[in-house]
Amino acid sequence: MGMTYHPFEICDPGAASRWLVTCDHAANTVPPSVNGGDLGLAPEDMERHIAWDPGAAGVARRLAERLGAPLVMSNFSRLVIDPNRGEDDPTLVMRLYDGTVIPANRDVDETELERRLDAFWRPYHRAIAQMAARRPDTVYLAIHSFAPRLRGRGERPWQIGVLHAADDRLARPLIDRLNREPDLCVGENEPYGGHLPGDAVDRHAMDHGRLNVLIELRNDVIATPQDQIAWADRLAPILEEALAATGL
1 MGMTYHPFEI
11 CDPGAASRWL
21 VTCDHAANTV
31 PPSVNGGDLG
41 LAPEDMERHI
51 AWDPGAAGVA
61 RRLAERLGAP
71 LVMSNFSRLV
81 IDPNRGEDDP
91 TLVMRLYDGT
101 VIPANRDVDE
111 TELERRLDAF
121 WRPYHRAIAQ
131 MAARRPDTVY
141 LAIHSFAPRL
151 RGRGERPWQI
161 GVLHAADDRL
171 ARPLIDRLNR
181 EPDLCVGENE
191 PYGGHLPGDA
201 VDRHAMDHGR
211 LNVLIELRND
221 VIATPQDQIA
231 WADRLAPILE
241 EALAATGL
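In our numbering, the protein residues as written are 1 to 248.
No lab work stands behind these hints, which were simulated from the structure alone. In this text the structure is predicted, and so the values were computed from the model without any measurement. Mixed in with the good hints there might be a few duds.
Computed spacing ranges between beta-carbons, pair by pair [claimed, not checked]:
{"id": "1", "residue 1": "Gln226", "residue 2": "Asp137", "range": "32 to 40 Å"}
{"id": "2", "residue 1": "Pro90", "residue 2": "Leu150", "range": "29 to 37 Å"}
{"id": "3", "residue 1": "Thr246", "residue 2": "Gly37", "range": "17 to 25 Å"}
{"id": "4", "residue 1": "Gly40", "residue 2": "Thr111", "range": "18 to 26 Å"}
{"id": "5", "residue 1": "Ala230", "residue 2": "Glu47", "range": "45 to 53 Å"}
{"id": "6", "residue 1": "Leu248", "residue 2": "Glu114", "range": "18 to 26 Å"}
{"id": "7", "residue 1": "Gly198", "residue 2": "Gln226", "range": "30 to 38 Å"}
{"id": "8", "residue 1": "Asp183", "residue 2": "Leu113", "range": "28 to 36 Å"}
Beta carbons are placed, not taken as given, at the ideal position from N, Cα and C, and that holds for glycine.
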C-alpha cells in the first residue's frame, strides 16, 4: 500500500520563536491525482526551477532550526498549482514556463483548477494561516531560490535577493546588514519585484500587519546540503540582528 499523500509539511509546530519560516516551492512532487503523477515533462525539466525552488527546502529547514521556529513547506510542484499566487492569478497553473510547455496543464479547465485549489493550494494556506496565528507578534520569513539565468536572458549577479512590498520594516535593516558583507552582491527586489497581490506574503503577512521579508537565494550557491546548511547558519544571526534593529 502506498503512503498517504499530504500537500504540506509542518516542522516543529510547537516551536516557541516568533519567527515563522515558509517555503512555498519546496518540492517538485506531482501528486498521483494529477495526471497519474506525471505532468508530461522530462525528468531533467522537473529538476529545473520551473518545477520548484532547488535548494530552498534545505535552507528553510536549517534556518527554522537555528531560529527555533516552525516551518511550513509545500509538497507539490509549482507546476501543479503555484502556492505563491493568488486564487485569481492567471499564472496559478502555468501552461508554458521559461520556454517549456507543460503538457498536462494544456487542458486544465475551471473544474480541474478548483479541484487543485481544494486538494493542494487551500490546505497549504490553511496550514500557514494556523501557524502564523499562533502568537500575535509573528515574523513571516519566506525562503525561495532563483535560477542564475533564464533562457535567453543575462546572468543574474546577486547571490541573495531581499524582496519586500511597502512594508520594509524588516527588509530595510536586513538589506543594510547584508550590504556590509564584503563578499555578497545583494539585490533589493531582485530578481523579482517584492509585491504580487494575493501572493503568500501578501495573504499571510501584509494583510495582517506582520513583520515580513522574502529571501531569494541563487540556486547555484545552495546546490548541495552543505551549501544549504552554510547559508542558513550564516543568515540566522543576521536575521536576528535585523529583527532586533527594528525595535519591534
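task: Just tell me: holds or violated, for the beta carbon distance of Gln226 and Asp137 against 32 to 40 Å?
output: holds, 33 Å
**Prompt:** Using the C-beta atoms of Leu248 and Glu114, is the stated range 18 to 26 Å upheld?
**Reply:** Cβ of Leu248 to Cβ of Glu114: about 39 Å, so the range 18 to 26 Å is violated.
message: Against the range 30 to 38 Å, how does the distance between the Cβ atoms of Gly198 and Gln226 compare: consistent or not?
response: This hint holds: roughly 36 Å between Cβ atoms.
Could you see if the CB distance from Gly40 to Thr111 stays within 18 to 26 Å?
holds, 20 Å
Is 28 to 36 Å right for how far apart the beta carbons of Asp183 and Leu113 are? violated, 44 Å
Status of the given 29 to 37 Å range, CB of Leu150 versus CB of Pro90
For Leu150 against Pro90, whose Cβ atoms are near 19 Å apart, the range 29 to 37 Å is violated.
Inset, instruction - Return holds or violated for the Cβ distance of Thr246 and Gly37 against the range 17 to 25 Å. - result: violated, 44 Å
* Kindly confirm whether 45 to 53 Å is satisfied by the beta carbon distance between Ala230 and Glu47. => violated, 22 Å
Of the numbered hints given earlier, the model fails hints 2, 3, 5, 6, 8; all others are met.
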